[in-house]
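A.B. asks: As a plain string of letters, each chain reads:
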Amino acid sequence: MTEQTQHTRKWPIILAAVFIAVGCAAWICQLTMGLLVGSGMSNTFAWGLMIAVFAFLVGFGAGSQFVASYIVLANRKDLMPYVKTAQAVALAGAIGAGVAILIDLGHPAHIMAMLTGPNPTSALTWDMIALTVFIVIAIINVIAIARNSKALKFWMVLGLISAFALQLVEGLLFALMEARVWWHSFIMPVDFIVVAVVCGLAIAVIVCALKKDEFKPEALHDLSFLLAVAIIVHLVLAVIELAIVCFGGSAADGGALAAIGSVWLFYVLELGLPLAAVFVLLLGKKDPAKSMLVGGVLTVVGMFFHRLMLLYPAFASPTLYVPLSNEPSPSWALPASTGLYNHTGNAFEIAQGYIPNFFEWASMLLPLGVALAVFLVVVWFVAKVGKPAAEASGAQDTIEVKETVEVHESADDPEVAEVKEALVEQERGEDR
Amino acid sequence: MRYAMAIDLDRCIGCRTCAVICKDHNAEPRGIWWNRVFSPGAPEYGTSVIVDGMPRMEFVPISCQHCENAPCQQVCPTGATYTDDTGTVLVDYEKCIGCRYCITACPYEVRQFNWSKPDGVEGVDGEYRWGYPEDYRQDGRLVYTPVRPEGVVEKCTFCVQYTNQGGIPACCTGCPANARIFGDIEDPESEISQYMSGRQWLVLGESFGTKPKVYYLPSTRGEGE
Amino acid sequence: MSERNLSRRSFLAGTAATTAAACLGTGALPAAKALAENVDPAGEWVRTTCSPNCTGACGLKGFVHEGQIKMISQASDYPFEQYNPRGCLKGVSVNTMLYGPHRLTKPLVKNEDTGKMEETDWDTALTAAADRLKAVMDTYGPESVGVIWQVQGTGHIQKGSIIRLSNMMGWSAIGCYEMNGDLPMFWPETFGVQSEELESYCWEDSKYTMIFGSNVMVTRLPDAHFLNISRENGGKVVNFDPNYSATSEKSTEWVRLKPDTDAAFALAVAKIIIDDGLYDENFCKNFTDLPLLVDTATGKRIEAANVAGLSALPSPAYRTTYVAVNAAGAPFAVNPERLGGMEGCTLEYTGSVRLKDGTTVNAKSGFRLLRESLVGKTAQWASDTTSIPVETIERIAHECATIKPMHIIFGGAGTQWYHGDLKGRSLALIAALTGNIGQLGGGISTYVGQYKTRFIPASWFNPPRMNKHSMSFQYAVTGRTPTMQQNAFPPNGLKALVVGWGNPMDQHNVANWLRSAKESGELECLVTLDFQRTTTVDMSDVALPAPSWYEKLELTTTPLHPWVQLQQQMVDPPGEARPEIWICKELATHIDPSYADQWPVFDESQAEQVADDVLRMLLQNGGPYVNQLTAEQLREGPGKLWHANPGEKRIPFWSQIHEGTPFPSQSLPNAIDVTAPFVRSGRIQFYRDEDEFLRLEEQLPCYKPAFEDTEYAADPEARTKYPLAFITRNSTYRVHSTYVNNPFMLELQNSMPKIFMNPDDAKERGLESGDLVEAYNGRGKCQGGLVLDPGMYPGQAIFDQGWWSEYMDGDSYNSLIYPWINPTNEVYYLSGVWSPNMAWNECACNVRLLQKGGARKEVMQ
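Protein chains in written order, with my numbering: chain A, 1 to 432; chain B, 1 to 225; chain C, 1 to 861.
Hints are computed from structural coordinates only; laboratory data are not their basis. None of these values were measured; they are calculated from a predicted model. Careful, some of the hints might be misleading.
As the list claims (entries may be wrong) - Each pair of labels, with its calculated beta carbon distance range:
no.	chain 1	residue 1	chain 2	residue 2	range
1	B	Gln200	C	Arg856	38 to 44 Å
2	C	Glu659	B	Trp201	47 to 53 Å
3	A	Asn326	C	Gly479	52 to 58 Å
4	B	Trp201	C	Asn621	53 to 59 Å
5	B	Ser197	C	His398	35 to 41 Å
6	B	Ser197	A	Ser262	42 to 48 Å
Unchecked claim - One-sided excerpt, in silico: chain C residues whose CB lies under 8 Å from chain B:
no.	residue
7	Glu37
8	Asn38
9	Ser73
10	Gln74
11	Met217
12	Tyr244
Stated by the list, open to error - Take a look, some chain C residues computed to stay more than 10 Å from chain A by CB distance:
no.	residue
13	Thr105
14	Gly115
15	Gly170
16	Asn306
17	Arg338
18	Ser387
19	Glu391
20	Ala631
Glycine is no exception: its CB is placed at the ideal position from the N, C-alpha and C atoms.
Next comes chain A alone, as it looks inside the complex (with noise of 0.2 Å):
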């Protein structure tokens, strides 16, 4: 290892610790000031940046499960070195997602009840259980990762399985809500698959970007591809979705667009920056590497939005919607007591905007900073115990290890032992 790889470990690691200091802080004083001041949320608006977060997060989690998974199941020899950090992204993101969740509580001293009285028909709950899965999984993917298992295959179909229910699951969260046209559609599970797909692709379109003399020119040309159709997939989802609220016709559709409306500069970041990455990766020839960057960077950016037009067509519009005795039509909603007398002075509303005030943009960094903390650990962690394997490698170079892999290839196991070069590959390209 050079003084400079020592060097540019050294930020991250302080990047983390900063995130998880203010995001704690910001954390405490929610918790004893209270979500009035420490939030921008109301009883119209209760779901907030927090859980824009999570979602963002579990996406990233999910997703690079899916990516990991797919290396490794499809045998994927190309994309291999990518595994490692696949693998630590998606548990890194599940973790973030926990805590996330964990901070939205308003009454977190009472999180025992979770577990000594779960609600089997609660969404929330089936999320605990496959939240907690997926991270059981996903640490011993890591490990069977970092010691070269030779049960890795499996445990990735499980990985896989899991990050699928992990999705299904937080859609459903969404779907099942009746209350809220935006969310209450076959659509939403779909996508929130399809949207995990798309995150996983970004951060591989990323890390294999920077690192691209790791890999092929045809793997990273693979990657940009599948970025860019699972972008247009969940374009096409995204599209219908708007045309079942634009055409629904009720009075809660029409409040659900206008809430759109109301922040449509959000929504036309969700949908155009994903849109901007498809051109740029399908169309930026001449730097690839860089295509792919940029691209990436933009998917991720939309991606944020996309969790943040989660919750303003859902929240920002009202639910209910009541017509006059024997006037069938039109009909109208009634002001909801907001909950924020004593901070705005306003104690009924039709409807609430959302601006997340600053403590919970600093809170945020709270999951953000232990996501970091996650992937850095994990990185060490199968650095450290993936050690003995990239000691026996030696300094050969890639073309040695791809004959090392013919080689390998008449072996009695052929799969894993393809596995274990690619990872060992890995290791060596970490290395340098």
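Using the hints, position chains B and C against chain A.
C.D. replies: Frame of chain A, contents of chains B and C only:
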């Protein structure tokens, strides 16, 4: 036994006494209203909305609908929200983790979150707090407490502290227009069954499939017009 | 009433009893588990009477826990079940104010150096108040001290003690009825009484109800449901309102009319009723002045004493014997002491009468003059004036003449105009022409205040040494007028003001004058008794903390229901607040120790016992209305007032219509001889022949448009500068300025005073919903968040009155208003009965933008 409430919109005069007596008896902190009365389409109390060229000012009180198929209960991860054997949907303040999933699930926007430490009013002897002054438990579950824990969700309980002892909710005893009728909807002899018998009624948000147990008897205003 | 309703009532009673028992901890709990799990709250429910000035007088009960009232419910103990539960949103949350930040707990005296009110002890405060008042009394005479005690009905013992104090000091009582603008002058002008009304439970007996200028569903909240019951029973409720109100929504029919044109509608209806022969001829003959002859040359009624061959019949000096014509065309003396038996007379007469002096005068009967006066008052004319369609006017004329009993509710919003009396007289004409007066569920009623005295209070109000004065404090602003009665204002003016339970510095249309007079020193002393720290308390020289209606013994009545009720002491008043009976006695003896013999002897700790003694004395000496009631009975619940007519419900003018007793009925606490001169014929008088009425051509009910004789006469440019009518209506969230600081009420309004306008008027001025706007005229200004109400008739800016200055950036919404005095209100002066009324609504203004979007966000966008 299924407790239910009928609200006669023809009798309701929109005075908000139900909302206020509810707040007074149930120690609802500042900014929290379990019960609210508004006029669809009208910008403010005492103003109207034009429908078919004519003004209207219908008063619609809304509180927890105590749904038979309560989405809030389904989504509550800890079972803090539950339905008791009278059909009343209640919240156990000691099990609520404050995830607010129930708030997102409820189409009636009747669930309220304690965003801050619940407070009373600053007054002559320091802070004054109103409301039923003792805790009320049902099978060990804390379903009423005069000083709410911060960060939990609360809502109408049909005044569980009264109904469990044979009383009726404060909004029903307190409605000056006698527009609210409470009772056991399964008992054909009950006041509410008798009142609703032969009358047309509707529920709010029928499309949500929540099967509310608050029934609205439409106003005669606009009939045959 | 359906069986369903009956069973509901018994159900309510049953469950209420169970709840009460459970809450009191005396009932057996149904489940053993409940016993183990839950403790009954320590404390008890105590009954009292909610007593702001709202006419409700609702029986409420408070739950007292650890020395504080924790919650309030309606007592629901009225024997007439449909009165239960009685009590509104304000009353059931007053506990938040009893212990809130504005509660007055210590005597305050103004520090002359800082101008701030500072806490002090009772003796210092009483001495300061007494010294200042004595100085004014010595310099200007005692009648220059004005006294306000809110309204009579809300208290006879404690409030009675300030009346007693005033009556011994020779201070001038400022009549609360006219001060509040509530005095419907058509009552004394037409019936010779202060006012009369059906108690609200009679509304359910009406088959046809017409409402003018009264938003019953908001301002008579605990009574409003009786209109619903009337509808449920098949009755028709027709609401006449320029604006679509809650009452419009709850009526069978809403009739939209131009503001202040009710009289034009009523006159057209009267014309149709007469022209179509729908009137009750015998009623007109027997009970009204319509058969009486008027000398067409002088406009004066012809007295029997002057007619050849006739002479005045024996009657007290306050009545006059007038003349009618029999079927044969011969004049005869009409007995002013006995109504009825006039079926044979000629109602409509034009001819001549020979007088004793040998001259012959041309004479017409009142009915003939009425018919002539109505000639131009066609449905088309009324339609042009009121904007009500002709067909609607014609249909309603026929309906109200034929469906009986028909009842007219004529509220304060109709009264509080310069020509408010003309509306009342026109509407009373409909009630009389249709013969609905004196019938259960029929007639005309006014509900504008808890002013009414319902038993004889002299035993406590009148001290052994009486020195009684009154004044009409509009004259402080307008100066003395050429048409006024000299005893209506003290010769040296208003120099000191003693305020009991009022907030005139915000709440009165002389607030501008009061504030500036206080500032300039013209008003030398202001002493206030209250339980809340109002604007007036803050501007006072001395403020004395009093108990609320949960903290003292008091005796109340209201015009809206027949029950005498007590306020009871549930808890000790917080801090050093003390009962008014003690305060007033102490104030008297601090002014002059020789007044000690005018009061019972007691110290502060005995105040409650003395109040109980006064209660017994008042009941015993209150006349037949209350002398069957005992203090013990009232401590348990409501006691019903006695009334003369048979049947459960009191019927106004029953003995006039059914027993032939002459008008007026007695307006307590006045003796009959002071009010009888208002209707010297002993009949319902539609024709007034006093000079001022003749001069203004208001002999008969007529229509005169708003602002012409006031704003536009004073300033012709006002017509264009101030094209909007400034209406300060009552809010459901306040009773005048009481409850403005109730935290629950503030939440319900998003804590924001509002100005309401028709969207077109706003658009014309470039104003939008949510703007912070200002209503203004040459006299003052008032700001609020703009709310657009499409149900409002154009040409108005409406402000929900009652906000204290501190909620309005120091403004007073009354600063725009001027106390115009109508000379017909000055023909006589009897405080609280015939006296200049406040024309709150006779106020022109315009509205301008203060800040775009500057209002607190409205409930809806």
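A.B. asks: To test your reading of the hints: which numbers does this structure violate?
C.D. replies: none
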